[in-house]
Amino acid sequence: GAGVSQSPSNKVTEKGKDVELRCDPISGHTALYWYRQSLGQGLEFLIYFQGNSAPDKSGLPSDRFSAERTGGSVSTLTIQRTQQEDSAVYLCASSLTGWSTDTQYFGPGTRLTVL
Amino acid sequence: AQSVSQHNHHVILSEAASLELGCNYSYGGTVNLFWYVQYPGQHLQLLLKYFSGDPLVKGIKGFEAEFIKSKFSFNLRKPSVQWSDTAEYFCAAQYNNNDMRFGAGTRLTVKP
Numbered sequence: 001g002a003g004v005s006q007s008p009s010n011k012v013t014e015k016g017k018d019v020e021l022r023c024d025p026i027s028g029h030t031a032l033y034w035y036r037q038s039l040g041q042g043l044e045f046l047i048y049f050q051g052n053s054a055p056d057k058s059g060l061p062s063d064r065f066s067a068e069r070t071g072g073s074v075s076t077l078t079i080q081r082t083q084q085e086d087s088a089v090y091l092c093a094s095s096l097t098g099w100s101t102d103t104q105y106f107g108p109g110t111r112l113t114v115l
Numbered sequence: 001a002q003s004v005s006q007h008n009h010h011v012i013l014s015e016a017a018s019l020e021l022g023c024n025y026s027y028g029g030t031v032n033l034f035w036y037v038q039y040p041g042q043h044l045q046l047l048l049k050y051f052s053g054d055p056l057v058k059g060i061k062g063f064e065a066e067f068i069k070s071k072f073s074f075n076l077r078k079p080s081v082q083w084s085d086t087a088e089y090f091c092a093a094q095y096n097n098n099d100m101r102f103g104a105g106t107r108l109t110v111k112p
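Sequences listed follow chains P and A, in order.
Per this note's numbering, the first sequence starts with residue 1, numbered consecutively.
Per this note's numbering, the second sequence starts with residue 1, numbered consecutively.
In case anyone wonders, no lab produced these hints; they're calculated from the structure.
The C-beta atom is built at its ideal place from N, Cα and C for all residues, glycine as well.
If a hint is listed, it holds; no wrong ones were tucked in.
Pairs of lysine to aspartate or glutamate, EDC-like flavour, derived with a Cα cap of 16 Å:
1) LYS111(A) - GLU88(A)
2) LYS61(A) - GLU15(A)
3) LYS61(A) - GLU88(A)
4) LYS49(A) - GLU64(A)
5) LYS49(A) - ASP102(P)
6) LYS57(P) - ASP99(A)
Examples of chain A residues toward chain P, derived with CB under 10 Å:
7) VAL4
8) LEU46
9) PHE90
10) CYS91
11) ASP99
12) GLY103
13) GLY105
Construct the complete structure from the given sequences, taking the supplied hints into account.
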């Protein structure tokens, strides 16, 4: 079946603009994660959605970052007033139940460049 | 805060050489451990994972990893690498359902 998809694959924006990144998880997966991979850094956890529960936003770096997940499926990560340090690859992953024993399946990522 | 460290930033090997990539994680109670691989131009894929039981875990493509609890380590090994193993390798530790920590990654270059 189809894997996790993300769009756009690349996004170039100017400093101060808002951007929206989209993630389509694997159908039937209840858990969805957003990560950020900055150049030379490991993956950094941003936010986690599990079913209808309130999301865990503990990894969001600032209040300029927000995410929502509509209908328990598609998720959008929004970055307001982008800064150059926001440049990174943003990865989305989904898992069937969100339990720690579940495998997370990653999307191809969105490469964000803030000029 | 929990963290994962990978000792090698870039490893260069010739084909048929043996590989060992180091990974250490910080203590945090029960932890699940993973190795992911990202081939050039592709997305992250799971190589292997450890939850419990036999500390020697075998994954895809001939990779294995050994969980050593006393050393908080989960090193990745392969007896004989191939050119196609050229990729970036990430170690990860999951401390609860939503607290997954990744190492900075190790870039492996295998020379033909």
